[in-house]
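Asker: Here is how the chains run, residue by residue.
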Amino acid sequence: MLNRLFVQCAQCQTTHYIQFFKSAHYVCSRCGHHARLDPPHWIRQLCDRGTFHSLFTNLKSLDPLDFPQYREKLDAAVQKASGWEAVVTGHAEIGGVKAALAIMDPGFIMASMGSVVGEKIARLLEYAAGHRLPVVMVISSGGARMQEGILSLMQMAKTAAAVRLLHGKRQPLVTVLSDPTTGGVTASFAMLGDVSIAETGALIGFAGPRVIQQTIGQKLPPGFQTAEFLLEKGMLDIVVARRNLRATLISVLKIHQSRPYPVRGSGNE
Amino acid sequence: MKSAMDVVRLARHPKRPTSRDFIDYLLRDFVELHGDRRFADDPAIIGGIGFFDSIAVTILGHQKGRNVKENIRRHFGMAHPEGYRKALRLMKQAERFGRPVITLIDTPGAYPGIGAEERGQAEAIATNLYEMSGLRVPIIALVTGEGGSGGALGIGVADRVFMLANAIYSVISPEGCASILWKDAAKAPAAAEALRLRAVDLKELEVIDGIIAEPGEGAHEHPGETMGHARKAIASALNELLVLDAEILVQRRYDKFRRMGVFSLDDGFSGLI
Ligand SMILES: [Zn+2]
Numbered sequence: 001m002l003n004r005l006f007v008q009c010a011q012c013q014t015t016h017y018i019q020f021f022k023s024a025h026y027v028c029s030r031c032g033h034h035a036r037l038d039p040p041h042w043i044r045q046l047c048d049r050g051t052f053h054s055l056f057t058n059l060k061s062l063d064p065l066d067f068p069q070y071r072e073k074l075d076a077a078v079q080k081a082s083g084w085e086a087v088v089t090g091h092a093e094i095g096g097v098k099a100a101l102a103i104m105d106p107g108f109i110m111a112s113m114g115s116v117v118g119e120k121i122a123r124l125l126e127y128a129a130g131h132r133l134p135v136v137m138v139i140s141s142g143g144a145r146m147q148e149g150i151l152s153l154m155q156m157a158k159t160a161a162a163v164r165l166l167h168g169k170r171q172p173l174v175t176v177l178s179d180p181t182t183g184g185v186t187a188s189f190a191m192l193g194d195v196s197i198a199e200t201g202a203l204i205g206f207a208g209p210r211v212i213q214q215t216i217g218q219k220l221p222p223g224f225q226t227a228e229f230l231l232e233k234g235m236l237d238i239v240v241a242r243r244n245l246r247a248t249l250i251s252v253l254k255i256h257q258s259r260p261y262p263v264r265g266s267g268n269e
Numbered sequence: 001m002k003s004a005m006d007v008v009r010l011a012r013h014p015k016r017p018t019s020r021d022f023i024d025y026l027l028r029d030f031v032e033l034h035g036d037r038r039f040a041d042d043p044a045i046i047g048g049i050g051f052f053d054s055i056a057v058t059i060l061g062h063q064k065g066r067n068v069k070e071n072i073r074r075h076f077g078m079a080h081p082e083g084y085r086k087a088l089r090l091m092k093q094a095e096r097f098g099r100p101v102i103t104l105i106d107t108p109g110a111y112p113g114i115g116a117e118e119r120g121q122a123e124a125i126a127t128n129l130y131e132m133s134g135l136r137v138p139i140i141a142l143v144t145g146e147g148g149s150g151g152a153l154g155i156g157v158a159d160r161v162f163m164l165a166n167a168i169y170s171v172i173s174p175e176g177c178a179s180i181l182w183k184d185a186a187k188a189p190a191a192a193e194a195l196r197l198r199a200v201d202l203k204e205l206e207v208i209d210g211i212i213a214e215p216g217e218g219a220h221e222h223p224g225e226t227m228g229h230a231r232k233a234i235a236s237a238l239n240e241l242l243v244l245d246a247e248i249l250v251q252r253r254y255d256k257f258r259r260m261g262v263f264s265l266d267d268g269f270s271g272l273i
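Protein chains in written order, with this note's numbering: chain A, 1 to 269; chain B, 1 to 273.
In short, the hints are calculated from the structure, not lab data. Some clues are possibly wrong.
To be verified - As a list, the in silico DSBU-like pairs of lysine-lysine whose alpha-carbon atoms are at most 30 Å apart: (1) K203(B) - K187(B); (2) K233(A) - K187(B); (3) K232(B) - K187(B); (4) K60(A) - K203(B); (5) K60(A) - K80(A); (6) K60(A) - K73(A); (7) K203(B) - K73(A); (8) K22(A) - K254(A); (9) K233(A) - K254(A); (10) K187(B) - K73(A); (11) K2(B) - K15(B); (12) K73(A) - K183(B); (13) K15(B) - K203(B); (14) K232(B) - K183(B); (15) K98(A) - K60(A); (16) K2(B) - K187(B); (17) K203(B) - K2(B); (18) K219(A) - K183(B); (19) K219(A) - K98(A); (20) K2(B) - K219(A); (21) K254(A) - K169(A); (22) K232(B) - K69(B); (23) K169(A) - K73(A); (24) K169(A) - K98(A); (25) K15(B) - K219(A); (26) K203(B) - K69(B); (27) K2(B) - K169(A); (28) K22(A) - K80(A); (29) K60(A) - K232(B); (30) K80(A) - K183(B); (31) K2(B) - K232(B).
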């Protein structure tokens, strides 16, 4: 959608010349809406030029439950996406700091978490623990991949457990929650960041707003489940505009680079 | 063989034994403990301490009501963040005093509401997954009725996971799945089949360790016999787990969940990243 000459803001429908939109980090100059980005765009936004190297690209989804229309959905997603699944994993330098990186792709079945997403996240965390690297995750997700049934649910346990390994090596998980981050991804690795950053205006929650509205039968308060709402409720560390995201990440990563006080048995002596 | 939707109905049967029934059957000298020490006591999660045979244990689970009035008070077993935090408090307490933990899973899901979101439903569940994966005492989970999504898993990261024969465990309710997939909640029976949410399915998918038999029409007709089978399964699991060193226990628990998932490794990838 970003390969044309003009692009429309998904929120206020203002038309932007693509070059200007790009130089504004894909943020609407009129309403401030942050457009959803695919992994290649995120890599250009955040990483030092030419430093990104992908990992675990050969993992491919199967259809373990023989679920209606899942194969077709996967095939269609692979056609238009930049990888084989809803998360791209690798390592890169950000402001000269080497980090392991995961970027979810909202264009791939709403970046829902099935076996491959869970496996790539777990492998990345294990890789980072093994190489003593901090981890940066740019997260967006519609939740669990229901077409993989209970196997998708179990990815929550698998990814959350893998964060422990990272902490065992005293390396931080820095999360960047972008629009939208919901469901089982929020309720696992997305909410386990040592530093939790969210993009301005991002929808972040466990249950979707429609489900909540149906359950309680009343209107939701304005701004409910936005990044700003979560910050106010104490669920996030920082809400940033996209133009400041890279600088914020660099500061956080640099601070975590300092040699830790050698607590015995920390695994970092 | 029963259809998946038949099993869903049995799993939700109003006369099915609740967590409190299991606790009263399984434990001697049960002392109920309350509250998360942060916000409130969630009536959708019940927990406490007692003796299982001669072993001091911590037990906790989702608590549905036995009638409409109690169900409303207990939010139909749908926990708020304070419920998950209460569960975690009891589990950390168990770890401190070296007690094994038994969890009883029976919930349609975590409560979807304004307060639940404000107080960090996702954070509460995520933290439980994280902490349970490293808890240095044995954990045994028993899905007794409905294993509804993250709300179930939030107390379900265990060394042994058992399901009652007519229990279900799923990433989404069949109704929710049908309305997303086919825009029609009435197609829930087809979704229930597709989701493979019965105990036999989960055993085949290697997500659970064992199935607890329910005699005749099910646990609602034969609660004592069913809970007797559950007791045997828990006893033999405790026998196996209590002899393990904590390091090995935690490593095996990690490996158990780490293995879950189905995918292929294909070297023919030629995409950009
Ligand atoms: Zn706009």
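Asker: It remains to establish, for every hint, whether it holds in the given structure.
Answerer: Consistency of the hints with the structure:
With a CA separation close to 25 Å, the supplied pair K203(B) and K187(B) stays within the 30 Å bound. Between K233(A) and K187(B) the alpha-carbon distance is near 38 Å, which puts this suggested pair outside the 30 Å criterion. Annotation: proposed proximity of K232(B) to K187(B) is violated, straight-line Cα distance about 38 Å (limit 30 Å). At roughly 24 Å between alpha-carbon atoms, K60(A) and K203(B) fall within 30 Å of each other, so this suggested pair holds.
Among the hinted pairs, K60(A) with K80(A) is consistent with the structure: their alpha-carbon atoms are about 15 Å apart, no more than 30 Å. Annotation: proposed proximity of K60(A) to K73(A) holds, straight-line Cα distance about 14 Å (limit 30 Å). Our distance criterion of 30 Å between C-alpha atoms is met by K203(B) and K73(A), whose separation comes to about 27 Å. Of the pairs offered as hints, the one joining K22(A) and K254(A) holds, with about 27 Å between alpha carbons and a cut-off of 30 Å not exceeded.
With a CA separation close to 27 Å, the supplied pair K233(A) and K254(A) stays within the 30 Å bound. Pair hint K187(B) plus K73(A) holds up; C-alpha atoms about 20 Å apart against a cutoff of 30 Å. With a C-alpha separation of about 19 Å, the suggested pairing of K2(B) with K15(B) holds against the 30 Å cut-off. This hinted pair checks out: K73(A) and K183(B) have alpha carbons roughly 17 Å apart, not beyond 30 Å.
In summary, the hint linking K15(B) to K203(B) is supported, as the alpha carbons are separated by about 25 Å, within the 30 Å threshold. At roughly 43 Å between alpha-carbon atoms, K232(B) and K183(B) are farther apart than 30 Å, so this suggested pair is violated. Our distance criterion of 30 Å between C-alpha atoms is met by K98(A) and K60(A), whose separation comes to about 27 Å. Proposed proximity of K2(B) and K187(B) is supported: the alpha carbons are some 17 Å apart, at most 30 Å.
In summary, the hint linking K203(B) to K2(B) is supported, as the alpha carbons are separated by about 16 Å, within the 30 Å threshold. With a C-alpha separation of about 22 Å, the suggested pairing of K219(A) with K183(B) holds against the 30 Å cut-off. A threshold of 30 Å between alpha carbons decides the hint, and for K219(A) with K98(A) the separation of about 45 Å lies outside it, so the pair is violated. Distance restraint check for K2(B) and K219(A): the Cα-Cα separation of roughly 40 Å exceeds the 30 Å cut-off, and the hinted pair is therefore not satisfied.
Distance hint between K254(A) and K169(A) is fulfilled; the C-alpha atoms sit about 17 Å from each other, no more than 30 Å. Only pairs whose Cα atoms come within 30 Å are accepted, and K232(B) paired with K69(B) is rejected, the gap being roughly 33 Å. Restraint check for K169(A) and K73(A): not satisfied, since their Cα atoms lie roughly 39 Å apart, outside the 30 Å limit. The straight-line distance between the Cα atoms of K169(A) and K98(A) is roughly 16 Å, inside the 30 Å bound, and the hint therefore holds.
Distance restraint check for K15(B) and K219(A): the Cα-Cα separation of roughly 34 Å exceeds the 30 Å cut-off, and the hinted pair is therefore not satisfied. Proximity of K203(B) to K69(B) is assessed by CA-CA distance (about 35 Å); at most 30 Å being required, the pair is judged violated. Between the alpha carbons of K2(B) and K169(A) the distance comes to roughly 49 Å, so the proposed pair goes past 30 Å and is violated. A distance of roughly 21 Å separates the Cα atoms of K22(A) and K80(A); the hinted pair therefore holds under the 30 Å criterion.
Simply put, K60(A) and K232(B) have alpha-carbon atoms about 41 Å apart, too far for the 30 Å limit, and the pair is violated. Taken as a hint, the K80(A) and K183(B) pair is honoured in the structure, with Cα atoms around 25 Å apart against an allowance of 30 Å. Only pairs whose Cα atoms come within 30 Å are accepted, and K2(B) paired with K232(B) is accepted, the gap being roughly 25 Å.
Going through the hint list in order, the structure does not satisfy hints 2, 3, 14, 19, 20, 22, 23, 25, 26, 27 and 29.
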